Amino acid sequence: MPQPPDFADFVRQRSGPMLRAAWLLTGGDGALAEDLVQTALGEVWRRWDRVAGMDAPDAYAHKAMVNTCLRWRGRRWTGEIASAYLPESAAAGGFHQVEMREALVRALRDLTMKQRAVIMLRYFEDRTEAETADIMDCSVGTVKSQAAKAMVKLRQAPGLKDFLTGETAA
Amino acid sequence: MNTDEQRLSQLLKGTVPHPPHGLSADQVTARHVDRSAKSWALPALAAAAVAVIGVTAGVLASNHASGDAPASPGGAPAATASKPAATTSGSASPAATPTCQGDRTVPAVTGMTQAQAEAVTAQAGYLVKVTATTAPHVPPGTVVSQSPAAGTKMPAGGMVDLKVAAVDGTSTGTGTAPGPDSATQVAEASCPTVSASRPAQGAKTAVPNATGMSSAAATQVLEAAGFTVTVNVARAPAGQLVAPGTVYGQTPAAGSVASRGTGVTLHVAPVGQGS
Chain A
1 MPQPPDFADF VRQRSGPMLR AAWLLTGGDG ALAEDLVQTA LGEVWRRWDR
51 VAGMDAPDAY AHKAMVNTCL RWRGRRWTGE IASAYLPESA AAGGFHQVEM
101 REALVRALRD LTMKQRAVIM LRYFEDRTEA ETADIMDCSV GTVKSQAAKA
151 MVKLRQAPGL KDFLTGETAA
Chain B
1 MNTDEQRLSQ LLKGTVPHPP HGLSADQVTA RHVDRSAKSW ALPALAAAAV
51 AVIGVTAGVL ASNHASGDAP ASPGGAPAAT ASKPAATTSG SASPAATPTC
101 QGDRTVPAVT GMTQAQAEAV TAQAGYLVKV TATTAPHVPP GTVVSQSPAA
151 GTKMPAGGMV DLKVAAVDGT STGTGTAPGP DSATQVAEAS CPTVSASRPA
201 QGAKTAVPNA TGMSSAAATQ VLEAAGFTVT VNVARAPAGQ LVAPGTVYGQ
251 TPAAGSVASR GTGVTLHVAP VGQGS
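As they're listed, the protein sequences go chains A and B. Residues in the first sequence are numbered from 1 upward in steps of one, following my numbering. Residues in the second sequence are numbered from 1 upward in steps of one, following my numbering.
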């Protein structure tokens with residue numbers, strides 16, 4: 001049996017991917033995303049003795065993050081003062097990527113929290129409908145219907161419409 | 001997967017920004033400690049309220065009784081319980097009067113400045129060990145994490161490890177802090193059973209180790225041991241990771257035997273300027 005991973009190593013390895021996923025969940029809010037990941041990892045830390053022995057501690061962390069975010073839905077965030085932002089790394093992607101990112105953020109903010117969660121799990125992390133349903137504690141039917149509703153909205157979103165329907169070469 | 005779903009997937013993976021840095025376990029646990037501190041503050045307040053009610057009830061009861069009747073048993077214990085149990089010499093400051101017996105609760109000091117944290121921890125009856133660490137986003141001199149966590153029950157005189165953000169804010173993570181020989185030092189809590197009888201002037205004694213303490217705490221400890229203290233604020237030698245306001249050296253050295261009343265010079269890192 002492998003050694004249970006150290007919590008510090010776990011945070012080091014997983015916080016990057018979790019921050020990216022959280023960026024989607026929060027509709028492109030870097031500071032809130034960091035908050036979300038910290039809260040989720042705090043949950044993991046409280047139960048680390050148990051979580052470390054799991055087959056997939058990262059799945060547990062992800063579940064904690066998505067569920068925290070779903071609980072936050074409709075709740076005004078009043079806790080932390082933002083201390084760090086994800087910078088707009090325009091240099092890395094060029095103009096087109098920045099433009100697409102802005103369009104994506106606007107479109108994500110039009111979705112419900114649940115729809116964002118489905119989009120993130122299904123299309124960003126390539127999870128199956130069954131896995132997505134398990135993480136979100138809902139039925140596969142809900143995953144399908146939420147994904148379909150989200151796709152309808154995204155297809156109509158200005159800036160994304162052309163790309164998703166393939167009308168212009170991207 | 002439909003074409004538009006594939007396109008969306010491609011878009012998400014290419015567009016979601018990569019964070020400039022990951023999180024550290026210290027950040028996560030520090031936050032958690034902060035929260036647990038809040039969660040036990042409420043019961044503490046409730047206990048205080050009960051005590052106040054007890055005293056009030058006692059006073060009311062004794063007012064109702066005739067003038068020469070003995071005081072109500074309800075009031076007296078509550079009143080005596082609120083008195084500090086320590087009966088020490090006047091040398092210790094009011095902040096440092098731990099009773100040094102039995103289990104106590106480790107206070108929450110994460111987020112405080114090092115000096116505050118040392119004072120609070122010492123007041124609670126514990127020894128303090130300070131380690132300089134590098135922590136992004138944290139003002140230098142701030143306590144980043146503590147061990148054991150706030151709320152833990154531990155006998156008085158136990159050691160509380162504090163990690164303090166260093167001046168030298170390199171972003172290479174906590175692993176790069178120098179070993180225990182330079183930055184990690186033991187600060188001595190001012191336990192009244194130790195400092196109760198101030199020794200006579202002129203007797204020889206070992207100089208306590210003040211390295212790693214805030215200059216205020218170090219001064220207190222050395223004066224309690226009978227030395228006179230001079231603070232020399234100067235930048236630490238290059239390459240030494242020192243939290244601002246912290247003692248990084250002392251003359252004479254810790255452990256050397258000197259007469260009481262001897263002057264001890266503390267070398268303290270300046271506050272408010274990077275290295």
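These aren't lab readings, by the way, just hints derived from the structure by calculation. For clarity, every value in this text was computed on a predicted model and none was experimentally measured. Heads up, some of the hints might be wrong.
Each computed SDA-like pair below joins lysine to any residue, with the alpha-carbon atoms no more than 25 Å apart [claimed, not checked]: (1) B:Lys204 x B:Thr265; (2) A:Lys114 x B:Ala206; (3) B:Lys129 x B:Pro17; (4) B:Lys129 x A:Trp45; (5) B:Lys13 x A:Arg50; (6) A:Lys114 x A:Asp49; (7) A:Lys153 x B:Met159; (8) B:Lys13 x A:Gly53; (9) B:Lys13 x A:Gly16; (10) B:Lys204 x A:Lys144; (11) A:Lys149 x B:Met159; (12) B:Lys129 x A:Ala8; (13) B:Lys13 x A:Arg47; (14) B:Lys129 x B:Ala206; (15) A:Lys114 x B:Lys129; (16) B:Lys153 x A:Arg47; (17) B:Lys13 x A:Asp58; (18) A:Lys149 x B:Lys204; (19) A:Lys114 x B:Pro155; (20) B:Lys204 x B:Asp161; (21) A:Lys144 x B:Met159; (22) B:Lys13 x A:Asp49; (23) B:Lys13 x A:Ala133; (24) A:Lys114 x B:Asp4; (25) A:Lys144 x A:Lys161; (26) B:Lys13 x A:Ala31; (27) A:Lys161 x B:Lys13; (28) B:Lys153 x A:Asp49; (29) B:Lys13 x A:Trp45; (30) B:Lys13 x A:Asp6; (31) A:Lys161 x B:Lys153; (32) B:Lys129 x B:Gln10; (33) A:Lys144 x B:Ala206; (34) B:Lys13 x A:Ala130; (35) A:Lys149 x B:Thr3; (36) A:Lys153 x A:Asp58.
Structure-based check of all given hints:
no.: 1; hint: B:Lys204 x B:Thr265; in the structure: holds (18 Å)
no.: 2; hint: A:Lys114 x B:Ala206; in the structure: violated (66 Å)
no.: 3; hint: B:Lys129 x B:Pro17; in the structure: violated (40 Å)
no.: 4; hint: B:Lys129 x A:Trp45; in the structure: holds (24 Å)
no.: 5; hint: B:Lys13 x A:Arg50; in the structure: violated (32 Å)
no.: 6; hint: A:Lys114 x A:Asp49; in the structure: violated (30 Å)
no.: 7; hint: A:Lys153 x B:Met159; in the structure: violated (58 Å)
no.: 8; hint: B:Lys13 x A:Gly53; in the structure: violated (30 Å)
no.: 9; hint: B:Lys13 x A:Gly16; in the structure: holds (14 Å)
no.: 10; hint: B:Lys204 x A:Lys144; in the structure: violated (81 Å)
no.: 11; hint: A:Lys149 x B:Met159; in the structure: violated (57 Å)
no.: 12; hint: B:Lys129 x A:Ala8; in the structure: holds (21 Å)
no.: 13; hint: B:Lys13 x A:Arg47; in the structure: violated (31 Å)
no.: 14; hint: B:Lys129 x B:Ala206; in the structure: holds (20 Å)
no.: 15; hint: A:Lys114 x B:Lys129; in the structure: violated (46 Å)
no.: 16; hint: B:Lys153 x A:Arg47; in the structure: holds (20 Å)
no.: 17; hint: B:Lys13 x A:Asp58; in the structure: holds (19 Å)
no.: 18; hint: A:Lys149 x B:Lys204; in the structure: violated (82 Å)
no.: 19; hint: A:Lys114 x B:Pro155; in the structure: violated (48 Å)
no.: 20; hint: B:Lys204 x B:Asp161; in the structure: violated (31 Å)
no.: 21; hint: A:Lys144 x B:Met159; in the structure: violated (55 Å)
no.: 22; hint: B:Lys13 x A:Asp49; in the structure: violated (33 Å)
no.: 23; hint: B:Lys13 x A:Ala133; in the structure: holds (21 Å)
no.: 24; hint: A:Lys114 x B:Asp4; in the structure: holds (20 Å)
no.: 25; hint: A:Lys144 x A:Lys161; in the structure: holds (21 Å)
no.: 26; hint: B:Lys13 x A:Ala31; in the structure: holds (20 Å)
no.: 27; hint: A:Lys161 x B:Lys13; in the structure: holds (17 Å)
no.: 28; hint: B:Lys153 x A:Asp49; in the structure: holds (20 Å)
no.: 29; hint: B:Lys13 x A:Trp45; in the structure: violated (28 Å)
no.: 30; hint: B:Lys13 x A:Asp6; in the structure: violated (29 Å)
no.: 31; hint: A:Lys161 x B:Lys153; in the structure: violated (59 Å)
no.: 32; hint: B:Lys129 x B:Gln10; in the structure: violated (51 Å)
no.: 33; hint: A:Lys144 x B:Ala206; in the structure: violated (75 Å)
no.: 34; hint: B:Lys13 x A:Ala130; in the structure: holds (21 Å)
no.: 35; hint: A:Lys149 x B:Thr3; in the structure: holds (16 Å)
no.: 36; hint: A:Lys153 x A:Asp58; in the structure: violated (30 Å)
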